[in-house]
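2 protein chains.
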Amino acid sequence: MTAITLRPIGILHCDLKKREETPKNFDESEHTGTIEIFPEFHEGLQGIRKGDTIVVLFWLNRADRTILRVHPRGDISKPKRGVFSTRSPVRPNPIAVSELLVEDINDNILTVRGLDILDSTPVIDIKNNIS
Amino acid sequence: MTAITLRPIGILHCDLKKREETPKNFDESEHTGTIEIFPEFHEGLQGIRKGDTIVVLFWLNRADRTILRVHPRGDISKPKRGVFSTRSPVRPNPIAVSELLVEDINDNILTVRGLDILDSTPVIDIKNNIS
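Protein chains in written order, with my numbering: chain H, 1 to 131; chain R, 1 to 131.
It is possible that some hints are incorrect.
Heads up, simulated SDA-like pairs for lysine to any residue below, C-alpha to C-alpha not over 25 Å straight-line [as the list claims (entries may be wrong)]:
(1) H:Lys17 x H:Ile76
(2) H:Lys24 x R:Thr53
(3) R:Lys24 x R:Asp119
(4) R:Lys50 x R:Asn129
(5) H:Lys50 x H:Thr34
(6) R:Lys78 x H:Asn129
(7) R:Lys80 x H:Ile105
(8) R:Lys80 x H:Asp107
(9) R:Lys80 x H:Lys80
(10) H:Lys78 x H:Pro94
(11) H:Lys78 x R:Asn128
(12) R:Lys17 x R:Glu30
(13) R:Lys17 x R:Asn61
(14) H:Lys80 x H:Asn106
(15) R:Lys50 x H:Val97
(16) R:Lys80 x H:Glu43
(17) R:Lys24 x H:Gln46
What the hints contain is simulated information worked out from the structure, not anything from laboratory work.
Take these sequences, add in the hints, and give me the full structure.
What follows is the structure in structure tokens.
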């Protein structure tokens, strides 16, 4: 099967600079930051409102793509498992799925809460949260 | 920002052949099918068990990537909105996020329930469901 090409729609700005200080999951985080959507995709934001919960897909550009088994949550006392049975950032296509609260929206800038993602990570998609 | 390259980890087999007969969302579907994981990624499945709910990311290879505004759920009586405020398959990077029930697992074949995705769609990631 042929390779697939993605184009980032935006980029995350936040104060999480190092992996060690990053929460393990979005549901454990109160970190806020801003998502800058690039001008050519700005129109796609229409309808997103302050107070909405959105699903954001990030491309984890610093994650290892070659490892298929990991210790769950990095805990070496637990036996290794397949990456597809975890939410480790390590995986063949390192995409994170986060549910984030929209605290504010101004033009192409979304202020969001609930981040467990490093600063400068590319954003590849945003969806309505139906759950 | 440079382009990103994904490699499919597997492919979906199911009886949904046409868009018109496909449920609008995974939470409205009882359709079952099988996900075939390619041999080089098989090890990543270790730890997934029958009865688990998994999050599966699909690459919607038949979706339009150029449209930024759509009628919600295809209902033309509703005004168009930005694709990022919907779950339309139409979007710049057409990735679907589905929560599916694992009905069975045999080697590299997962039988799953809850499909709203067309037959032969590439699978790009599988995650543990924490919600």
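How the hints compare with the structure:
1. H:Lys17 x H:Ile76: Given pair H:Lys17, H:Ile76 holds - Cα atoms ~24 Å apart, limit 25 Å.
2. H:Lys24 x R:Thr53: The hint holds at about 20 Å.
3. R:Lys24 x R:Asp119: holds (15 Å)
4. R:Lys50 x R:Asn129: holds (14 Å)
5. H:Lys50 x H:Thr34: Holds, at roughly 13 Å.
6. R:Lys78 x H:Asn129: holds (19 Å)
7. R:Lys80 x H:Ile105: Answer holds: R:Lys80 to H:Ile105 is near 19 Å, not above 25 Å.
8. R:Lys80 x H:Asp107: holds (18 Å)
9. R:Lys80 x H:Lys80: Roughly 47 Å between the alpha carbons, so the hint for R:Lys80 and H:Lys80 is violated.
10. H:Lys78 x H:Pro94: holds (22 Å)
11. H:Lys78 x R:Asn128: Between H:Lys78 and R:Asn128 the Cα gap is close to 16 Å, so the pair holds against 25 Å.
12. R:Lys17 x R:Glu30: Measuring from Cα to Cα gives roughly 16 Å; hence the hint holds.
13. R:Lys17 x R:Asn61: holds (13 Å)
14. H:Lys80 x H:Asn106: Judged against 25 Å, a Cα distance of about 44 Å means the pair is violated.
15. R:Lys50 x H:Val97: holds (23 Å)
16. R:Lys80 x H:Glu43: holds (11 Å)
17. R:Lys24 x H:Gln46: At roughly 21 Å apart (the allowed maximum being 25 Å), H:Gln46 and R:Lys24 satisfy the hint.
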